[in-house]
Amino acid sequence: MFNLSEWSFRDMGLKKACLTVLCLIVFCFGIFYTFDRVNQGERNAVSLLKDKLFNEEGEPVNLIFCYTILQMKVAERIMAQHPGERFYVVLMSENRNEKYDYYFNQIKDKAEWAYFFHLPYGLNKSFNFIPTMAELKVKAMLLPKVKRIYLASLEKVSIAAFLSTYPDAEIKTFDDGTINLIQSSSYLGDEFSVNGTIKRNFARMMIGDWSIAKTRNASDEHYTIFKGLKNIMDDGRRKMTYLPLFDASELKAGDETGGTVRILLGSPDKEMKEISEKAAKNFNIQYVAPHPRQTYGLSGVTTLNSPYVIEDYILREIKKNPHTRYEIYTFFSGAALTMKDFPNVHVYALKPASLPEDYWLKPVYALFTQSGIPILTFDDKD
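Going by the working numbering, 247 is the number at position 247 of the sequence shown; the sequence numbering is gapless.
Source of the hints: derived by calculation from the structure; they are not laboratory data. All values reported here derive from a predicted model rather than from experimental measurement. Glycine included, every Cβ here is placed at the ideal spot set by N, Cα and C. Careful: at least some of the hints might be erroneous.
[As the list claims (entries may be wrong)] Simulated restraints on C-beta separations:
| hint | residue 1 | residue 2 | range |
| --- | --- | --- | --- |
| 1 | Arg316 | Pro268 | 36 to 46 angstroms |
| 2 | Ala353 | Asp168 | 36 to 46 angstroms |
| 3 | Asp247 | Asp109 | 12 to 22 angstroms |
| 4 | Met205 | Glu271 | 17 to 27 angstroms |
| 5 | Asp235 | Pro167 | 18 to 28 angstroms |
[To be verified] Taking lysine to aspartate or glutamate pairs in the DMTMM-like style, the calculated list, with each CA pair at most 25 angstroms apart, reads:
| hint | residue 1 | residue 2 |
| --- | --- | --- |
| 6 | Lys145 | Glu135 |
| 7 | Lys340 | Asp209 |
| 8 | Lys273 | Glu221 |
| 9 | Lys381 | Asp234 |
| 10 | Lys230 | Glu256 |
| 11 | Lys99 | Asp312 |
| 12 | Lys362 | Asp269 |
| 13 | Lys278 | Asp380 |
| 14 | Lys319 | Asp269 |
| 15 | Lys239 | Asp312 |
| 16 | Lys145 | Glu85 |
| 17 | Lys340 | Asp247 |
| 18 | Lys156 | Asp220 |
| 19 | Lys281 | Asp269 |
| 20 | Lys214 | Asp247 |
| 21 | Lys110 | Glu59 |
| 22 | Lys147 | Asp220 |
| 23 | Lys137 | Glu98 |
| 24 | Lys270 | Glu327 |
| 25 | Lys273 | Glu135 |
| 26 | Lys270 | Glu94 |
| 27 | Lys351 | Asp247 |
| 28 | Lys351 | Glu221 |
| 29 | Lys137 | Asp247 |
| 30 | Lys381 | Glu327 |
| 31 | Lys270 | Asp255 |
| 32 | Lys156 | Asp269 |
| 33 | Lys252 | Glu221 |
| 34 | Lys156 | Glu76 |
| 35 | Lys281 | Asp380 |
| 36 | Lys362 | Asp234 |
| 37 | Lys270 | Asp209 |
| 38 | Lys137 | Glu191 |
| 39 | Lys147 | Glu221 |
| 40 | Lys108 | Glu94 |
Full structure from sequences and hints, please.
Next comes the structure, spelled out in structure tokens:
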């Protein structure tokens, strides 16, 4: 007669044994992408499994979730404020290009572990949602003790797979651009948006009753990159911490006798292609700085091909050319707010004449006006 107490499970612990079996099952179905060519093996869970089995009693880890390059910049600054602590970084994105790889490698060098979930078809696609959510949930279970969870994208159901697994972890939030300054922000919603009954039911299996509102209410500190502007998270429930991303303090304004460089900030929306070309022609703009998620080009202007986001690029250019005047033109980019005080930089917001008064960008233009950024209206009709 078998004596369970003599089994090897006694030493490992039933919980760890179950986790091991679960991981092996998932590996067999390929969900963990052990030899994933698209993600270069970054979704491999062997290290997580090893840490869970043999180092669970070690120092707790901090999780940081990122979806954009801006969020990676914020995450890097947060990590710098906590030297000596363990950080795991999870980047999820539908895009993968030179800029994403550059900033991911920057933060990867500073984190204990970093994972890049490249989801080229998006999480909400039917064939992608269930296996990815299952992968995230199992990986959440494989993590060692979690001390703090940092996130910006409150509306992402994928992050809830981790939040619901560690309900006692401290939750810290940070800005995701101008969406944190608009009162109609989706971050003020209550429930996650998941299309389809099957996917919604599966999501509930993975996250239980977790919601956007629960994440928002659990946040005890919010990091903002915008100084002096009303933030949707500033409701008296949490500590607000200002976290400047780009340091131009060592740069001095020159006399701007070295000519003028005009740069248009690109947009990820293909619908903006024609109107962007008209704006460039109207204001004699020479260059376009593509948005990190932009996949189309513009005619009549030179594309700035650089691994840097526009703020980092401009700071480097100012150092090299301290007497050049830089004019930055944008339709709705939050970079206008982060660059407006750079020396020798003049930021302008563009407003097409055909834009309806009740258009969704109206709150963004109000922010620009409040921040002292001129609004330039132009005729975008033929």
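Hints, one by one, checked against the model:
no.: 1; hint: Arg316 - Pro268: 36 to 46 angstroms; in the structure: violated, 23 angstroms
no.: 2; hint: Ala353 - Asp168: 36 to 46 angstroms; in the structure: violated, 54 angstroms
no.: 3; hint: Asp247 - Asp109: 12 to 22 angstroms; in the structure: holds, 19 angstroms
no.: 4; hint: Met205 - Glu271: 17 to 27 angstroms; in the structure: violated, 37 angstroms
no.: 5; hint: Asp235 - Pro167: 18 to 28 angstroms; in the structure: holds, 22 angstroms
no.: 6; hint: Lys145 - Glu135; in the structure: holds, 19 angstroms
no.: 7; hint: Lys340 - Asp209; in the structure: violated, 42 angstroms
no.: 8; hint: Lys273 - Glu221; in the structure: violated, 39 angstroms
no.: 9; hint: Lys381 - Asp234; in the structure: violated, 40 angstroms
no.: 10; hint: Lys230 - Glu256; in the structure: violated, 33 angstroms
no.: 11; hint: Lys99 - Asp312; in the structure: holds, 11 angstroms
no.: 12; hint: Lys362 - Asp269; in the structure: holds, 18 angstroms
no.: 13; hint: Lys278 - Asp380; in the structure: holds, 6 angstroms
no.: 14; hint: Lys319 - Asp269; in the structure: violated, 32 angstroms
no.: 15; hint: Lys239 - Asp312; in the structure: violated, 28 angstroms
no.: 16; hint: Lys145 - Glu85; in the structure: holds, 13 angstroms
no.: 17; hint: Lys340 - Asp247; in the structure: holds, 13 angstroms
no.: 18; hint: Lys156 - Asp220; in the structure: holds, 19 angstroms
no.: 19; hint: Lys281 - Asp269; in the structure: holds, 19 angstroms
no.: 20; hint: Lys214 - Asp247; in the structure: violated, 34 angstroms
no.: 21; hint: Lys110 - Glu59; in the structure: holds, 17 angstroms
no.: 22; hint: Lys147 - Asp220; in the structure: holds, 13 angstroms
no.: 23; hint: Lys137 - Glu98; in the structure: violated, 29 angstroms
no.: 24; hint: Lys270 - Glu327; in the structure: holds, 23 angstroms
no.: 25; hint: Lys273 - Glu135; in the structure: violated, 37 angstroms
no.: 26; hint: Lys270 - Glu94; in the structure: holds, 16 angstroms
no.: 27; hint: Lys351 - Asp247; in the structure: violated, 29 angstroms
no.: 28; hint: Lys351 - Glu221; in the structure: violated, 35 angstroms
no.: 29; hint: Lys137 - Asp247; in the structure: violated, 38 angstroms
no.: 30; hint: Lys381 - Glu327; in the structure: holds, 24 angstroms
no.: 31; hint: Lys270 - Asp255; in the structure: violated, 38 angstroms
no.: 32; hint: Lys156 - Asp269; in the structure: holds, 20 angstroms
no.: 33; hint: Lys252 - Glu221; in the structure: violated, 34 angstroms
no.: 34; hint: Lys156 - Glu76; in the structure: holds, 21 angstroms
no.: 35; hint: Lys281 - Asp380; in the structure: holds, 10 angstroms
no.: 36; hint: Lys362 - Asp234; in the structure: holds, 21 angstroms
no.: 37; hint: Lys270 - Asp209; in the structure: violated, 37 angstroms
no.: 38; hint: Lys137 - Glu191; in the structure: holds, 19 angstroms
no.: 39; hint: Lys147 - Glu221; in the structure: holds, 14 angstroms
no.: 40; hint: Lys108 - Glu94; in the structure: holds, 19 angstroms
Hint violations for this structure: numbers 1, 2, 4, 7, 8, 9, 10, 14, 15, 20, 23, 25, 27, 28, 29, 31, 33, 37, all remaining hints satisfied.
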